[in-house]
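> Take a look at the letters that make up each chain.
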Amino acid sequence: MSTADSREGQYLDAPTLDKIKRLDVRARLVVEGFMTGGHRSPYHGFAVEFAAHREYTPGDDLRHIDWKVWSKTDRLYIKEFEEETNLKCHLLLDRSKSMLYGKANGGWSKFDYAATATASLAYLMQQQQDAVGLVTFSNQIDRQFKPSTHPSHLKLLFHELEQTSCDKQTEVSDAFLGLAAQIRQRGMVILLSDLLLPLEDLAKSLRQFRLRRHEVIVFQVMHADELTFPFDENTLFKGYEVDAQLLAEPRALRKSYLEALDRHNSEVRKICAGAGIDYVLLDTSKPLDVALSSYLSFRLRSRRRLTGRF
Amino acid sequence: MFSWMLNPLMLGMGGLAIGVPILIHLLNRRRYKIVDWAAMDFLLEADKKNRRRVQLENFLILALRCLAMLLLGLLLARPFLPSAMTTLLGQKEQFERVLLLDDSLSQQVLVDNLPALEGAKSKLKELLTDLAQGDASDDWLTLFLTSNTEQPILANEPVTRGTLPTLLDAIDGIDGADGAADYGNSLAQVKQYVAGQRDSISRIVYLLSDLRRRDWIPEAGETAETAPNRLVQELGKEASQGFVVDIGSPSDQNLGIVDVRSEDLLVANRVVRFEVDVASFAREPINNLKVSLQIDEQPPIVETLEQLPAGGRETVTFRYLFRPVESERMDAGESQVKGWQNHRIRVEFDRQSLVGAQTQLNQLLDDDSRFFGARILNGIPVLLVDGDPSADSQRSETHYLRYLDIFGTGLQTSVVTISDLETIPLADFKVIFLCNVDEISGDRVKVLEQWTRDGGAVVFMPGNQVRAEAFNATFYRDGQGLCPLQLEAIAGDPTMSSWVNFEVDPQVHPALRTVVESDAASLGKVDVFSWWTSRLSETLRNEVVVPLRLSDENRSPALVDRAWGKGKVIAFSIPADGDWSVFPGMDAVFVPVMLDLIDYLIGSGEQASTLAIGGRIDWPVDLSAYQNRVTLRDPANEKMEVLARPVDESPEAAKSVIYSAEFSGLEKRGFYELGLTRNSGETESVLFAANVPADEGRLERLNPTELESDFWGEKFKLLPVSGLLGERAEGRSAEMWPQVIWLLLIVLGTEQFLAWWFGKRR
Numbered sequence: 001m002s003t004a005d006s007r008e009g010q011y012l013d014a015p016t017l018d019k020i021k022r023l024d025v026r027a028r029l030v031v032e033g034f035m036t037g038g039h040r041s042p043y044h045g046f047a048v049e050f051a052a053h054r055e056y057t058p059g060d061d062l063r064h065i066d067w068k069v070w071s072k073t074d075r076l077y078i079k080e081f082e083e084e085t086n087l088k089c090h091l092l093l094d095r096s097k098s099m100l101y102g103k104a105n106g107g108w109s110k111f112d113y114a115a116t117a118t119a120s121l122a123y124l125m126q127q128q129q130d131a132v133g134l135v136t137f138s139n140q141i142d143r144q145f146k147p148s149t150h151p152s153h154l155k156l157l158f159h160e161l162e163q164t165s166c167d168k169q170t171e172v173s174d175a176f177l178g179l180a181a182q183i184r185q186r187g188m189v190i191l192l193s194d195l196l197l198p199l200e201d202l203a204k205s206l207r208q209f210r211l212r213r214h215e216v217i218v219f220q221v222m223h224a225d226e227l228t229f230p231f232d233e234n235t236l237f238k239g240y241e242v243d244a245q246l247l248a249e250p251r252a253l254r255k256s257y258l259e260a261l262d263r264h265n266s267e268v269r270k271i272c273a274g275a276g277i278d279y280v281l282l283d284t285s286k287p288l289d290v291a292l293s294s295y296l297s298f299r300l301r302s303r304r305r306l307t308g309r310f
Numbered sequence: 001m002f003s004w005m006l007n008p009l010m011l012g013m014g015g016l017a018i019g020v021p022i023l024i025h026l027l028n029r030r031r032y033k034i035v036d037w038a039a040m041d042f043l044l045e046a047d048k049k050n051r052r053r054v055q056l057e058n059f060l061i062l063a064l065r066c067l068a069m070l071l072l073g074l075l076l077a078r079p080f081l082p083s084a085m086t087t088l089l090g091q092k093e094q095f096e097r098v099l100l101l102d103d104s105l106s107q108q109v110l111v112d113n114l115p116a117l118e119g120a121k122s123k124l125k126e127l128l129t130d131l132a133q134g135d136a137s138d139d140w141l142t143l144f145l146t147s148n149t150e151q152p153i154l155a156n157e158p159v160t161r162g163t164l165p166t167l168l169d170a171i172d173g174i175d176g177a178d179g180a181a182d183y184g185n186s187l188a189q190v191k192q193y194v195a196g197q198r199d200s201i202s203r204i205v206y207l208l209s210d211l212r213r214r215d216w217i218p219e220a221g222e223t224a225e226t227a228p229n230r231l232v233q234e235l236g237k238e239a240s241q242g243f244v245v246d247i248g249s250p251s252d253q254n255l256g257i258v259d260v261r262s263e264d265l266l267v268a269n270r271v272v273r274f275e276v277d278v279a280s281f282a283r284e285p286i287n288n289l290k291v292s293l294q295i296d297e298q299p300p301i302v303e304t305l306e307q308l309p310a311g312g313r314e315t316v317t318f319r320y321l322f323r324p325v326e327s328e329r330m331d332a333g334e335s336q337v338k339g340w341q342n343h344r345i346r347v348e349f350d351r352q353s354l355v356g357a358q359t360q361l362n363q364l365l366d367d368d369s370r371f372f373g374a375r376i377l378n379g380i381p382v383l384l385v386d387g388d389p390s391a392d393s394q395r396s397e398t399h400y401l402r403y404l405d406i407f408g409t410g411l412q413t414s415v416v417t418i419s420d421l422e423t424i425p426l427a428d429f430k431v432i433f434l435c436n437v438d439e440i441s442g443d444r445v446k447v448l449e450q451w452t453r454d455g456g457a458v459v460f461m462p463g464n465q466v467r468a469e470a471f472n473a474t475f476y477r478d479g480q481g482l483c484p485l486q487l488e489a490i491a492g493d494p495t496m497s498s499w500v501n502f503e504v505d506p507q508v509h510p511a512l513r514t515v516v517e518s519d520a521a522s523l524g525k526v527d528v529f530s531w532w533t534s535r536l537s538e539t540l541r542n543e544v545v546v547p548l549r550l551s552d553e554n555r556s557p558a559l560v561d562r563a564w565g566k567g568k569v570i571a572f573s574i575p576a577d578g579d580w581s582v583f584p585g586m587d588a589v590f591v592p593v594m595l596d597l598i599d600y601l602i603g604s605g606e607q608a609s610t611l612a613i614g615g616r617i618d619w620p621v622d623l624s625a626y627q628n629r630v631t632l633r634d635p636a637n638e639k640m641e642v643l644a645r646p647v648d649e650s651p652e653a654a655k656s657v658i659y660s661a662e663f664s665g666l667e668k669r670g671f672y673e674l675g676l677t678r679n680s681g682e683t684e685s686v687l688f689a690a691n692v693p694a695d696e697g698r699l700e701r702l703n704p705t706e707l708e709s710d711f712w713g714e715k716f717k718l719l720p721v722s723g724l725l726g727e728r729a730e731g732r733s734a735e736m737w738p739q740v741i742w743l744l745l746i747v748l749g750t751e752q753f754l755a756w757w758f759g760k761r762r
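From first to last, the protein sequence lines stand for chains D and Z.
All the letters of the first sequence, read from the start, carry residue numbers 1 to 310 under the working numbering.
All the letters of the second sequence, read from the start, carry residue numbers 1 to 762 under the working numbering.
Bound conformation, chain Z alone (with noise of 0.2 angstroms):
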């Protein structure tokens, strides 16, 4: 009797609760008034003549509220009749059907001739074709996909002939994504949808799934309370019934392009390497695997990854020199900006090359290609700060530096006084030479702060025209500003008759590594007349790396580098000139030190290019040189708009002159193009790629041992997918409690009649 109640317990405390009334009626009569009667007689003959009766209703009214207790304890204990009483009892079965199906790119995966997810969609109509028989509405449906974890596709549709084509429809319209499905979440939302829905209606849970391992077996770092067949677990609480349905197919071996990358600077100019990663999920060996790199529409390159092990990964590499913009011939209707080109590279491999029986070892085709935005940089646009110009360009701060844009580095630079910097548009530079350069306005420094904290690089060369003073007030501000050191005083000899070197930190600055390597000794023959002395902030201590110092009684330091946001800050305490030092006039050392420098700040453009499927861009948008208005085109070609916005919600991100454009939700995988448009009127375009996952390729299904043990729970049971419709739904067991509530109303409404007839008679 009491598998037919979900508390069982509560029955017995009802049970027990009898006792309450008992007890109040027996405590009731032992609380009495003492009368001393006169008129016995009469009273003795009305109590024989009333007694039975008494007795009667005070049983009566008693029993009631017993029953009453009885009927609350059951209540609380939840009765249910199984589904097949109540169909007895002429209820109709009423069935909710909430499917999950992975529409991830796995899916893709050809099932007899027929990827994964069309056969199972095509099944799904089955199944709806077969429920939708009546008019009336005994069964609906709520359909979620892997892909969409905000709200389900269909939601509570009745299934009906008169409902069955939009159904149908919006089943045709599953078109599969290029993500990855996350389990973990999807199950949660499904989770979260039954539990909130009402108790009436029996619910029957599908989930769709190519029971890949790697959607169900937690990763490291995933709690077990968390992994999805726990979920499953917890959701056959909330379902009367459940199926995993195996909608995968038994063949789990694969070949894919997992990663292309460039650790180069992607400069025009200069030969670029792409390492592109190929992996195996098979578990033979592939020789002679064809793999190509193709950049735009131009013929692809080919290189052939000699053996390819089983289960392994190989990197085959690709070289290539992109030539500056003005010498390329310009694609109609693509603008190219000074700053930049972007080139669309496309890497797969061959399948041709997979002969005979290996054919079976790839069987998702998705993963076979990869996509790499690369934005080229015509040149690497440095910006020179000139506080000191002269008519003599030797003379001048930025002589020496203006000459390292020669052929093969990539550098263009460019000359400005200090005066311009306030109104020049930073975004067009990457690297900010500050050649005795001691005050800007304080706007200006916030500006410049901003950019810096957005991927810029500033380099501080302080000489001879820089006032302590004003230099430490504007650019270290008592180590709250850029640079960390704080200027105290000219040290040395100007009259150049005693000097002092370089000192090379051993764990060598990857500014200093060309030169390092190429003679070691060199930096130590560099003599320095003058510095400026320097105190390095306490607070600053651990974030700044001090790769060169002089040889100075106080080791005074010549190179610090410290980072500020993405972006890197390097101070020198010489300045660029050659009246301190005889630096900048070794070319020997100084070009190949600042070539290098300019390099690790620039750092490696890729990682920006790069989006997950399912992630999102945020491009900062410099007010100064471009409108707010920020276009992306998608794969598809579709164009989305949006208004460039503030960082976040401070009043100085406000006043700010650097916004930011979001978009999220990019769930396709191939090209997006954002699109900018400067104050003057010229479009600009940036480049990035969307891949799927890497491992998203690997195809090995959970093992059978897992699938027949209670993987999934007691609810769920694992169903092929042609099993589909031939299985009998169960509807859950209706509750009664509508019903007691009902009769305990009744006894309750019987109690207080008869109390109030019983006393009004009395």
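Chain D with its partners taken away, still in its complex shape (with noise of 0.2 angstroms):
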């Protein structure tokens, strides 16, 4: 076993790192009216940003009026402002069995490739002088580290990357209310997940957090052969996480099994969508540093191209 020392890298791919650390991660927060009267803001020492404009309506507060903006076009507009504060980042990893998948055949898990996923990203958010945290989840919350910025918290999260099994079975709903509940403020939660689990859990879930109004992205690691169900041969395949094993022709079943996987992403994908939720698909076999920062360039556009509007 090797020492903390010689793995606390182990999850920091540096190809990746290389890619993803100039960019900066923004929580999108859309804040109306957090500044209410009387209440100073609780964020001391933080610039508010204004962000964007929309129409007046009947019932906005006269006081966000752009008087500018009305000497010149005649028309009301109502200023929102972005909060930029310090983000509060909870990374939710997935630790169940079936995460374990892809390890037999001496390559990355699922579970390899969310980790190395997770700590990208940690070391991100460190970066950019954001805290943030790490839960890892099977059938329960297993290990929680609250979001912090201390430079040492890092290699703490890392450390208990490293630690980590895998085993149990997945089953969230109950342990992601009870995680809903703790983390008051707003911030950004990341799930990385196989999502192999009930899909009413999962949107249970997952509108707990919207429901406080956290911005969420979810990140579903999936195998390739998960994805292609590449098999030819007379195959036993044994669950991981249900007792229940398969001899069959993988040829003849490869058809429905891709069709009942494409039914189960597509409904991840329309509860998050529903939910304003940003979803990604994460094949072990491309690189992660591809994906990770095709996401993020792509987070990085959307964002200006709304605050740029006027």
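Hints listed in this document are in silico derivations from the structure and should not be mistaken for laboratory results.
Hints should not be assumed to be uniformly reliable.
[Said to hold, decoys possible] Calculated lysine-lysine pairs in the DSS-like style (CA-CA distance at most 25 angstroms, straight line):
no.: 1; chain 1: D; residue 1: K255; chain 2: Z; residue 2: K760
no.: 2; chain 1: D; residue 1: K103; chain 2: Z; residue 2: K33
no.: 3; chain 1: D; residue 1: K255; chain 2: Z; residue 2: K49
no.: 4; chain 1: Z; residue 1: K49; chain 2: D; residue 2: K238
[Stated by the list, open to error] A few chain Z residues facing chain D, derived, Cβ under 7 angstroms:
no.: 5; residue: V35
no.: 6; residue: D36
no.: 7; residue: A39
no.: 8; residue: M40
no.: 9; residue: L43
no.: 10; residue: D47
Every residue gets a Cβ at the ideal spot worked out from N, C-alpha and C, and that includes glycine.
Now that you have both chains on their own, put them together as the hints suggest.
Okay, here's the thing in structure tokens:
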């Protein structure tokens, strides 16, 4: 067993870090009137930055009308502000047994891939002076590290990632319910999981976070085998989390399996889209740095489009 | 069901083989990878959805594979449908009728006043006319004759209205052979033919036979496996149906001339005896049967056989004195030779001497006569080579021998010197005496040896002019030469003060018979003063006879006899003149000994002139005397010509002057005349006579119990010739293997297609 020091960088994938470290992840929080009369902003020392205009509708607070625009255009617009503050990011990493798949062939398991992504995102947060925390879960919240910006906090998280093993089944509904209640302050919740769980549970869990106005990003990590089902010979499939096994001709089942998978993933995307959640499918056969940087670039472009409108 | 298969066991194997694809399927299911899988729910859902379909697809492919195994077994089992069913299926019955017709001499026996062969031909033509009703070729004909084992006279000819005239002409052209039938050979040939033909057509075999016992029952020395009836049983396995058609007559009694021979030397100026054997194959005795012998066109000589017992054989003897050719009137167009004269001798018995019911005892007329080609030597040409010629004839080596050609001996002596021997044609002579000769050229030695090998006779009589070394080098050659004796030295008393005598071997040699029979002691009274001592080669001891020795202390050989190919070699140890002994001067001893010796050396000329029908002639041609073009005229007066060739493939044979003219396939009975042309242009002829086999007259038929039992196996039925037309032929059952192959291919093709199709969808 290697020492903590030598394994510290296990999930710090150099190429990945290199790609994403220049990007800043800003939580896009739409703040409407959080600066209410009489309450001082709890966020001391932080600028409140103008974000965008929107057209005045009856009932809006007259104090937020942009009179300069009115003088020029004779039209009423409300100023919206983006609160630039220290982001609190919660990384939720699935450590159920199903995340072990991929290890047998000597490559990366889904957990390895997800953990690397988690580490990369944590590192990025820290670079941006944002607080990042880690929650590992299976059928319960196994370990929880509250978000912190302390330099040694990252090491703590990495260490935790390296020590984490995958066991137990996936069972999130109650776990996430509790977690959502704990996280009072709005922040970002990034879920990294293979999402091989009942979709109602997932939907309920994600809804909990959205109700509390957290920004949620879902990274679904799947192995290439799970996505393509490349098996040809007679195979005995033994379930990781399900106590079942199946001796089958894979070619006979491939089409139906992929259809079932596709239905599941479509449903997941629908759930995410309905809740305003970003969804990213991570294929463990694809380089992680490309996948992450691709997503982050997309997020950046989306934000600039919104802020640069006027 | 299994009676519809030729190899039902194979179907069982196919049934067992069904287990093979099943076994492979089960074994495959035992071989699998193990994968720990996370997305199990999706897999289980997919399995639930597809389980039935996959099971059905797998079952279908497995079933097709099992069916293919079964069809393979069925294919090897060779199923067939009886022909009745195939006709119901619309398949037309096609037949090839393979006939073997016995056209041997015994078919000349009269059946209802017609030779059996003619009756058979007539019925055959009726059958063909009946078959040739349509234009479509449902019937084909193949016809073999027992007289021709090389190939059929009609091979797979369609039988239609259009082809019928040709077929009938071919049958009309069958004349009948003079020889006996060889059923073994003929049946083997038919069997080979039938087995070699394709199976899709029904083959019916007809054996048209007169059911003679001699044709069907194996002779002594023939094994049961090659017996004709066994061959018919095997033929039955190849044919779909078979018939043995009885075309013979039930009457089987016969008389015949079975042999004509002479054991005498056939020489002019000597009485020659001819012995004629008459055989009875009848069940009653015949009395006072007249037998005649006719020489050329002369009036026949008739002898009466007083009694010929039933089933017996008697000999009638004829005597005749041939004159030398000079005293005979030459027939126009016949060329005669100074060597011999040809006489055609015909022997027959007089059918008129059979009276009343006795005529029924002689069913076959063609064996009532027999031929003998007599080559009568005008004289026996003897060459005397004088190795020590003398102006005084009485002192010459050949003086005493010359006077042997007295009247009645038939001898014609010619005297030459050693140098003449180098060039004189040896073919002109029968016996050569080498008197006091010790050396001739190497080439001439070879010619002499070949001439002896071809039937000549050499007599060595060495005297005082012979040098032992030269003689041994030329004629003994370390035991490889003509002379069996190696001369050593001259022994005895040249002053003639002492002498030795002859001692006769108790087994009296033919050359000494007359003398010994008349006066046994006479040879012992011959005084011999000098003689050649000699050594007999150890390797030749078993080949050489020493009928006469000397009474010296070594018991030296005086006369030695050995064979050399077809010829003989005699070696004396004394010369032919009177220098060393009183032998030549004692006429009472010398003359009979020498005449008997010459008779012995010549042998009988009869065997060489008699041929069996179907035999061959190999005649030696001395190219130093004759041209290499040789002709042969057959009994029908048709002429053949061949060129004489070396006797074998060896280089020595190619260089030799003695070649061989060969004629084969001599099928007619009667006289054959071989024609030779001398280098000088004169022609010569050699007469041969071909006769039917003696046994052909034995007409005894197979007995009824043999005909009723399984003599010919299950397939062949016995039919009278009248039933030939009425018999309905059954085709062979149609084998179904082509259909099975198609089915197998369809099954395999479907299996492959489905395997691909199901795999593509998966």
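> None of the hints should be skipped; say for each whether it holds.
To see whether the hints hold, each was checked on the structure:
1. D:K255 x Z:K760: holds, 11 angstroms
2. D:K103 x Z:K33: holds, 16 angstroms
3. D:K255 x Z:K49: holds, 11 angstroms
4. Z:K49 x D:K238: holds, 19 angstroms
5. V35: holds, 5 angstroms
6. D36: holds, 5 angstroms
7. A39: holds, 5 angstroms
8. M40: holds, 4 angstroms
9. L43: holds, 6 angstroms
10. D47: At about 6 angstroms, which falls below the 7 angstroms cut-off, the nearest Cβ of chain D leaves the hint on D47 (chain Z) intact, so it holds.
Of the numbered hints listed earlier, not one is contradicted by the structure.
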